Each structure stands twice: as structure tokens, then as C-alpha cells.
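Taken in order, these protein sequences are the chains called H and B. Counting in my numbering, the first sequence runs from 6 upward without gaps. Counting in my numbering, the second sequence runs from 2 upward without gaps.
These are computed hints drawn from the structure, not numbers from a lab. Please read all numbers here as calculations on a predicted model, not as lab measurements. Where a beta carbon is used, it is the ideal one built from N, C-alpha and C, also for glycine.
Quick look at which bits of chain H chain B covers, simulated, 3 or more residues with Cβ under 8 angstroms: (1) 56-67; (2) 75-87; (3) 105-112.
Cβ pair distances, simulated, as ranges: (4) B/184 x H/131: 49 to 55 angstroms; (5) H/39 x B/184: 57 to 63 angstroms; (6) H/164 x B/221: 50 to 56 angstroms; (7) B/383 x H/46: 21 to 27 angstroms; (8) B/184 x H/95: 54 to 60 angstroms; (9) B/35 x H/39: 42 to 48 angstroms; (10) H/26 x B/207: 53 to 59 angstroms; (11) H/159 x B/257: 46 to 52 angstroms; (12) B/196 x H/161: 52 to 58 angstroms; (13) H/125 x B/260: 43 to 49 angstroms.
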Amino acid sequence: MNEKLQPITQALIEKFSAAPQEFAGETSLVLAVESLSAAAQALHREFGFELLSCITAVDYWPQEEPRFHLIYRFTSVSQALALTLRVPVSGISPAAPSLETEYRNANWQEREVFDMFGIRFEGHSDLRRILMPADWQGHPQRKDYPLGYEEPQYTFNFDEIAARKPFAARE
Amino acid sequence: MTDLKEVSYEEIRHLVSDRAFSGETVLLNMGPQHPSTHGVLRLLLELDAETVVNCIPDVGFLHTGIEKNMEAKTYQKAEVMTDRMDYMNPVGNNFTYCLAVEKLTGLDVPARAQAIRVILAELTRIASHLVWLGTSALDVAAMSVFLYSFREREQILDIMELVSGQRMMTTYFRPGGVWRDVPVEFEPAVRAFLDIFPRRVDEYEALLTKNPLFLDRTRKIGVISGEEAINWGLTGASLRGSGVNYDVRKVFPYSGYEQYDFEVPLRSEGDVYARYLVRVEEMRQSLRIIRQALDTLPAGPFRSSNHKFTPPLRSEIGVSMEALIHHFKYWTEGFRPPVGSVYVATESPRGELGCFLESDGGPKPYRVHFRTPSFDNLQVLPKLGKGHLVADLVAIIGSVDIVLGDVDR
Numbered sequence: 006m007n008e009k010l011q012p013i014t015q016a017l018i019e020k021f022s023a024a025p026q027e028f029a030g031e032t033s034l035v036l037a038v039e040s041l042s043a044a045a046q047a048l049h050r051e052f053g054f055e056l057l058s059c060i061t062a063v064d065y066w067p068q069e070e071p072r073f074h075l076i077y078r079f080t081s082v083s084q085a086l087a088l089t090l091r092v093p094v095s096g097i098s099p100a101a102p103s104l105e106t107e108y109r110n111a112n113w114q115e116r117e118v119f120d121m122f123g124i125r126f127e128g129h130s131d132l133r134r135i136l137m138p139a140d141w142q143g144h145p146q147r148k149d150y151p152l153g154y155e156e157p158q159y160t161f162n163f164d165e166i167a168a169r170k171p172f173a174a175r176e
Numbered sequence: 002m003t004d005l006k007e008v009s010y011e012e013i014r015h016l017v018s019d020r021a022f023s024g025e026t027v028l029l030n031m032g033p034q035h036p037s038t039h040g041v042l043r044l045l046l047e048l049d050a051e052t053v054v055n056c057i058p059d060v061g062f063l064h065t066g067i068e069k070n071m072e073a074k075t076y077q078k079a080e081v082m083t084d085r086m087d088y089m090n091p092v093g094n095n096f097t098y099c100l101a102v103e104k105l106t107g108l109d110v111p112a113r114a115q116a117i118r119v120i121l122a123e124l125t126r127i128a129s130h131l132v133w134l135g136t137s138a139l140d141v142a143a144m145s146v147f148l149y150s151f152r153e154r155e156q157i158l159d160i161m162e163l164v165s166g167q168r169m170m171t172t173y174f175r176p177g178g179v180w181r182d183v184p185v186e187f188e189p190a191v192r193a194f195l196d197i198f199p200r201r202v203d204e205y206e207a208l209l210t211k212n213p214l215f216l217d218r219t220r221k222i223g224v225i226s227g228e229e230a231i232n233w234g235l236t237g238a239s240l241r242g243s244g245v246n247y248d249v250r251k252v253f254p255y256s257g258y259e260q261y262d263f264e265v266p267l268r269s270e271g272d273v274y275a276r277y278l279v280r281v282e283e284m285r286q287s288l289r290i291i292r293q294a295l296d297t298l299p300a301g302p303f304r305s306s307n308h309k310f311t312p313p314l315r316s317e318i319g320v321s322m323e324a325l326i327h328h329f330k331y332w333t334e335g336f337r338p339p340v341g342s343v344y345v346a347t348e349s350p351r352g353e354l355g356c357f358l359e360s361d362g363g364p365k366p367y368r369v370h371f372r373t374p375s376f377d378n379l380q381v382l383p384k385l386g387k388g389h390l391v392a393d394l395v396a397i398i399g400s401v402d403i404v405l406g407d408v409d410r
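Kindly generate the complete structure, drawing on both the sequences and the hints.
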């Protein structure tokens, strides 16, 4: 492991009882969802990780507890360091705190995770779908969501296909 | 025809000011079909006469579920989809994905393949910047630059066709190396480009850099400070235009970038003009990298010989039983990386392009996610555009250099 990263991961392990994981020369920390905001705040303000590179999630369905892992990638430009946090989230009404107040770009990143996985972010200012249409049903990146096939909708079969769409059936 | 559900005012109430509801300001749609939005971007603008009060970007029109699709394909087949994300930088997307697969499997890449990758990635960076230069100048009514910049881009696409058979969607980089060795015509073609291009950059600069009309349209427009820019997740030239020295090639070198001598252009103003200057200078620096990589291009294999993860050469298949078995296993079953996850970042023409790849030990990726620079760079648009005129908003969209395929994936 990088010597400069060592004291930072050590501090996080002690303070938030995080569990380190080593793979391909990289360390990631598994962290409880309760300590996520505090850990992100510490990384941003104390340890100088200015950039939140990426937020994403992994679905371990059919496992339910925890079903999801949220992945946070923090980058410190000035120290040339990067750190990954993994946050397990339950499959039953999945939720995590929003990091929007700490890192502004968490706004869209979290919207994408919400859209794709249905994980809610508490304290988010604008939690709407971002990539899928606003009236879409389901969360496409979940593993129980089938990789579908959509029939092209032309003028001659528009009504026929529209009648089969989930939102039409609902109304 | 069925009734399509409209977005109600209530859903966007928190995004616009109260004046929009009393009729003092106007809500106006810009896009998704609008030439100045560089693709299918829809902006909901709240306007007070011509001044932008609020700007709400609406993306997702090009969402094709690439990440979901990649989970259903083997590692080598999934790569083909990466080209289609950021269509101005197909080679760079392959690059990031291949680096992620190589990190996951612990695959070594021969020095020749690394140098070829660097040359092509830098050529693509120039091609991408040329498209940006032409279109963003067009946005501020400088018509002629577009014609010149596309002339040189064509020369780069010809080189791409020479090495891979394709102009844009090359899929030339493969995990462990490249598809095949570069042909003998490659070096003279790149040298011809290296000879001609420095003069051409001067030509573009002569058209724009000191042009008073261009200065009027770009200086002090869309200003963002370095501290805010990085907090908003800006990367690439848009961040370096605000004075933050973050170039993945320098901070986290990959594929041998540490051995090349180049500078990272920085400006402190943080406006549209600063971003323009940074990108133009980046084209010159890319030329330096290409020249060095071409001068020191090592001989040797172009692909790793670890045939658990790379296909054997065609010539070996006829004479070696093992090669035939490897060939068969590779193309039918695929390969199985160990269980684990990696994140790899590269510097795309637009900023930090990251690939998160998780393996469950099977031949298909369990989860692929691309951290695309345009997605984060676009997010800052409401902040940059507020208080400016609509015409300036167009210049700002051009200056953050978004590709909608990269945003929506």
C-alpha cells in the first residue's frame, strides 16, 4: 500500500471501525452506512480529498442483507492519492445519507444511483430520475431487472405497443 | 395515439424562482434538438428578458443502457460497447476499459503496445479538441475555424483507419495489448501529421486568440474559481482553466506517460477564454508526446503472450495445439478474472474518465460503471450560466466541452 495512504486508512479504521480490503494493489474500506457522512467529511476537510470522483453501486441480489454496496471514490489531487469506500446497504428500503453538502457533484451522481438502483439519498435537494424517463417503472441496473428488448414503435404499430407499456396499464 | 405524461410545474417548483409562477419570468425549452447544445441536451431555462435566471439541464436522451448490456457480455465482447459512449474519444474509452481489465487480471502489457496506445490516444485527444474548437467557435459565430479544424481531423481519422480499418469505432486496443501491430505506413503518416500540425494550430490561433469579437464573447463569461470547480467535480481542461493542476496523466501516470516530457497548461481566470487557451495549448503538448513516443517506439510483441487472457496469433494456431485450445477457449468461454473490483482513471480529452469494474469470478463482468467526465462537467452548467445572456450560455456549453453520448451512456 502507498505509505502516504497508510495513516489515512488507519485513522478511518480506528475512528469508524472500517474494515480494509486489498485487491490488485488497491485498498478499499468497508464502512457502515451510519458513519458515511462523518467519514466523507473527514476525508474532505482533514485529509484533503478535494474531488469526489465517482459514486456508484453494485447489486448482490438475491442476497438481501446487505443487498447493495455503494462505491465512493475519493481523489486527493494535491497528494496524488485515491481511496475507495464501500458502504453496504440493506435491500429493504435502501437508503444512504447524501454527500451533497460536502461535494456538490454528488447531486447528479446520487441521482444516477437512485435512478439505476432505487437507493434513496436522505437530505438530497433534488432526488429525481436523471437518465431514465420521469415516469419509468423499476430500476434498470438491479440484477432482478431483466435485460429487455424493446420493439421499435412506428406510426403503424404505435397504439398497439403503447397499450403494452407499464404506465398506460396503470392509468 | 396515447397520452404522454407531462412534467408538472410542481415537480420543478424547487428548481425555479417564484417569479416564474407569477409570470414575471419565462420558462423556455432549449433543445433537445438544438444545434448549440452539442447533441441531444435539453435545457429548461428560466429567463428574465434575455438573462438566464435558472437553467435546469435534462439529460438521458441518449441513454442506451451500455453498463447493463456489458454485464451480459464476456469481457472481450463488452469492449465493443465502450467505443459508443464518448464518440469523440472512442480510443480513450477502450483504453480505460482495457486498463481496468488488465488491472483486474494482473495482465502485463508489452512496451510496444503501451507506446502505440499513447500515440493513438494523443492523436484522438487532438481530434477531439479539433471538433470542440470548430463547434465552439461556430457557437460564437466564428464560422471558418470549423472548416479548417475538420480538415486536420480527417487526417487523424485516416491514421485510425490505417491501423484498425475503422475511422471512429476502432476497438483497436484489446486487453493485453492491441489488435494487431501497426502497419509500416503508420510511422510516415504520423510524421507527416506532426510536420504539418504545429503550423495549423498557429493558423487557428491567428483566427481566434486575438480576435476582438471572440474576446468579447469569451472573456469573463462563465467564471468559476478553482476551489469551486473541483468541489463541483469538474475535471480536464475545464478544471485546469481555473488553475487547478489535475491531469491524470501526471498525477496517476498510466501506460508509460511518466517517461514522456510534457507540460500541463494552466490558466487562472476560469472563464470561457481560459478554457479555450488551455485546450489549444494541450494540442501542442499532445504533439510533443506523440513525437517522443514515436521516436522511442520499442520493437517487440504488440500483445501479451499470456494466452489465458489474450488470443494467440493466427500463425501459431496452425502449428501449436495449445494455441488452438487457447483460441477456442478465449472466443467461446472467455476468461475468468479473480473475484474483486478495481477503479481505473485516465485522462480523456474532457477530463477524468474512470472505469469501475467488478468481477465475481465469471467470464462476464459483474458490474461495469463508467465515471464519465461530461456527466460531471455538465452538472456545473446552471452555476456557470446564471446571470448571463442566452447567447453567452451557448458559449459556456461549448467551453465545458460535453459529449452527450458520454453523459448518458
